[in-house]
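Just so you know, we're using the UniProt record's numbering here: the sequence shown kicks off at 1 and counts up by one.
Read the hints as simulated data drawn from the structure, not as lab findings.
There's no promise every hint is true.
The calculated DSSO-like cross-link candidates involving lysine-lysine, where the alpha carbons are at most 27 Å apart (straight line), are [as the list claims (entries may be wrong)]:
| hint | residue 1 | residue 2 |
| --- | --- | --- |
| 1 | 133 | 293 |
| 2 | 745 | 890 |
| 3 | 745 | 775 |
| 4 | 783 | 793 |
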Amino acid sequence: MAAAAEPRARAWLGGGSPRSGSPARSPELGGRGRARAGAGPGPGAGGSLPPSGHSFRKATLTKPTFCHLCSDFIWGLAGFLCDVCNFMSHEKCLKHVKTPCASVAPSLVRVPVAHCFGPRGLYKRKFCAVCRKGLEAPALRCEVCELHVHPECVPFACSDCRQCHHDGHRDHDAQHHHWREGNLPSGARCEVCRKTCGSSDVLAGVRCEWCGVQAHSVCSAALAPECTFGRLHTLVLPPACVRLLSRNFSKMHCFRISESAVPEPGDEDDGVDGSTPAGLGREAPESSKLTLKIFDGNDALQRNHFRIISVPRLARSEEVLEAALRAYYVLEDPRDFELQPVPAPVPAGDSGARGRPRGSGAAEEEGGRGPEAWIVRAMPHAQELLRIYPAWLKVGVAYVSIRVTPQSTARTVVLEVLPLLGRQAEGPEGFQLVEVLMGSRQVQRTVLQDAEPLLARLRDIRQTSLRQMSQTRFYVAENRVVAPHVSLFVGGLPPGLSAQEYASLLDEAVAAKAGLVSVSRVYSSQGAVVLDVACFAEAERLYMLVRDTAVHGRPLMALVLPDVLHSKLPPDCCPLLVFVNPKSGGLKGRDLLCSFRKLLNPHQVFELTNGGPLPGCLASGCWCAEGTAPWAGCSLPWRRCGPAWPARSPPWPSCRWAQVGPARESGTGPGGAGGGGSVSSCPCPGNDLGRVLRWGAGYSGEDPLSVLVSVDEADAVLMDRWTILLDAHEAGGGETGVADVEPPKIVQMSNYCGIGIDAELSLDFHQAREEEPGKFTSRFHNKGVYVRVGLQKISHARGLHKEIRLQVEQQEVELPSIEGLIFINIPSWGSGADLWGSDSDSRFEKPRMDDGLLEVVGVTGVMHMGQVQGGLRSGIRIAQGSYFRVTLLKATPVQVDGEPWVQAPGHMIISAAGPKVHMLRKTKQKPRKAGAPKDARTDGVPAPEGDPK
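Kindly produce the complete structure, drawing on both the sequences and the hints.
As structure tokens, this is what we get:
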């Protein structure tokens with residue numbers, strides 16, 4: 001067998017430098033007017049780099065066209081077009097083309113990482129990364145990187161998403177740029193030449209998806225390959241610090257991304273994928289054209305997934321075969337393939353037709369029109385050339401090429417490859433051959449048995465799908481025994497149980513195996529546990545089963561938790577935790593969720609409707625004492641991250657930040673007095689805490705990058721937090737006439753607590769939104785509902801002062817005639833109103849949010865509340881203190897930080913909740929000097945796009 005080693009080459013698409021993606025030699029004009037970059041190196045062809053793989057031909061231009069390399073207009077009537085991926089170029093730019101063709105891009109991926117495609121949406125001025133055409137119809141977008149594709153192009157997309165965590169199977173080197181081509185803002189400027197590199201007309205320019213550096217594809221070769229994470233390097237959680245042994249878990253599961261019902265291409269319409277092949281156009285076939293259905297293997301035939309090509313009616317069979325291969329982005333020698341007609345269903349009595357052989361003929365048969373459906377088959381060969389990649393072995397080559405014969409097995413291939421990789425001194429028992437299917441949605445790994453015949457396996461893969469063969473790699477990996485360990489967060493369980501009771505409950509619900517599954521942590525007050533699973537298969541089974549299981553009428557939820565290696569954090573790195581409520585602010589939270597996943601590591605971004613803040617605190621290394629919710633105060637290894645949410649449901653603020661990591665202040669340490677995690681809120685409508693901390697009255701489409709930069713530059717301030725003990729005397733009478741005693745509850749408060757009319761308005765609004773959540777998607781509508789509810793209560797007279805009793809610092813306080821009693825901790829209430837007022841009063845101290853005191857204010861009704869919000873009046877000042885006892889004589893509406901409910905008669909005790917917490921207050925904006933250059937990443941990050949339609 002002949003074999004040769006190929007030199008190391010960093011793949012341009014997979015996270016390396018684009019300079020090594022240059023073609024092996026400059027394209028040369030060849031037969032029939034085509035300019036082909038060199039074909040891939042064969043055995044013995046060491047010393048050449050991976051080619052760009054384009055198949056250029058000179059094309060006549062009939063409309064304004066731009067070059068995909070320099071993004072300049074192509075003057076004249078001729079340009080050079082790639083028949084496969086539609087790359088258009090000037091003749092002068094041909095020798096500089098380094099962007100790989102879609103047909104060879106999968107072979108250049110350095111580390112295959114699958115994408116996370118969300119629901120279909122309309123993305124204006126965006127281009128498909130596969131066929132390079134505009135996204136005029138609803139298309140798909142990766143939730144982690146900036147990849148945009150047509151639905152029919154998804155099977156041909158590279159598995160080149162960002163690598164956001166390590167799986168424990170390799171020793172990773174330095175972080176490299178992860179280049180993504182095109183879809184840059186039209187005003188983006190190159191980091192090297194400072195000229196415009198973005199375009200709204202074509203897919204041009206490249207941008208690193210970690211640091212945001214933008215450049216021309218040619219200029220990017222001049223940049224250092226190492227990535228420093230750019231302006232947000234102090235906030236980004238480096239991938240080297242995150243370990244997740246996920247095996248075949250999809251990235252949707254790893255990143256806690258809600259899976260939407262996105263049909264596979266062709267599933268919605270049986271057999272029709274709605275596309276014509278790239279390079280043949282999407283126009284309706286002309287009368288002189290013949291339209292054919294092309295299948296690429298048995299799998300496509302069974303699923304009835306085909307591509308449509310249009311060829312001249314008098315086309316020769318070779319031309320039809322070339323068009324069929326281009327439709328599936330296959331640029332191998334057409335002589336190694338043949339077209340076979342797809343047989344029509346044969347009637348039961350037609351035995352003659354059943355015995356007729358299938359031909360390999362042309363588009364038309366003699367004497368009439370040929371069949372309209374064809375299948376591309378690979379010609380059988382006695383031997384095949386195969387690339388073997390060193391799986392995470394530090395060697396001097398990217399891959400080696402060997403010839404596989406019928407006698408080749410996985411064991412013989414390993415024996416032959418090891419000397420070529422310089423590992424001949426080691427025995428083959430320590431290595432194994434791994435088959436990796438690099439699908440765009442999921443990367444699957446299969447360890448081959450030593451006796452597996454390799455040539456037969458290659459033939460089976462080609463029979464199944466030609467596309468699958470181009471997306472399959474073979475790695476030689478060290479036969480390392482990796483101890484399986486997967487942490488599963490399970491929520492939605494009944495609260496208040498012990499670890500043994502939770503284990504028994506899960507055993508009954510999902511039949512967890514006792515020897516492989518153990519309950520490591522219990523959060524009974526939240527009805528959640530963390531399971532340690534010592535088997536990948538059992539972890540996958542539990543994950544899927546838990547998501548489809550309900551206990552006591554409540555559906556369970558399961559999340560995969562990564563391990564954050566704090567010891568590997570750089571000294572200046574202080575990672576940021578982002579909690580997003582996607583239902584907040586007219587559903588703008590979903591746009592922010594996607595934007596923050598792309599700007600940061602997705603493992604830093606958590607959706608509050610998917611388990612609350614608890615999974616985020618656990619993943620970041622927080623530990624929480626039993627009975628203490630993480631949002632009531634979590635202890636971090638170095639810092640403390642602070643207050644936050646009521647235990648019921650997420651708050652109205654769209655985002656909250658918890659900055660974790662080594663303390664920046666000098667003299668701080670574990671549990672030190674100076675340490676304290678900083679928390680801030682990115683405001684959505686009605687967020688009073690955001691106003692106090694200078695984050696604004698509401699989110700109105702600001703650049704998410706500028707928001708993160710403001711968080712990094714924000715000042716840490718202190719804020720009091722309060723605990724409310726709800727001790728109801730009775731919850732109602734039972735059938736026996738004996739009152740049912742409701743157990744005490746504890747609620748955390750940060751901003752304010754309202755009793756009476758304001759809580760009643762919040763409750764009515766909350767119930768209306770729960771009944772029809774789809775209508776509450778705009779600020780104007782939400783405020784309109786509040787106004788309507790308020791008008792209905794304008795003549796309401798309850799006499800709250802007769803139904804409650806108030807004690808401040810153990811002293812009874814006589815209440816005036818009021819309809820609402822409000823305890824405020826911050827100088828903002830009801831969307832920015834100053835309820836306490838600015839007038840000085842010798843009876844009370846000037847209120848601050850860190851003075852250890854709460855202010856008690858009364859309102860006389862809806863009209864009074866409207867006057868306060870209009871700035872015409874202030875509330876009725878009643879008291880100021882640090883300990884309050886409220887006695888409810890009747891069931892009364894209560895709201896805490898915007899979360900309303902009806903509280904049964906009993907006592908409410910409000911007191912300080914331990915140490916103050918650190919919050920992030922936005923620094924005052926400094927006037928910007930004229931002509932000051934903007935940050936490269938600020939230019940390159942698009943604003944959040946609209947919700948998919």
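Hints versus structure:
1. 133 to 293: Roughly 22 Å separates the two Cα atoms, so the pair holds.
2. 745 to 890: The given pair, whose Cα atoms are some 18 Å apart, holds under the 27 Å limit.
3. 745 to 775: Violated, at about 33 Å.
4. 783 to 793: holds (15 Å)
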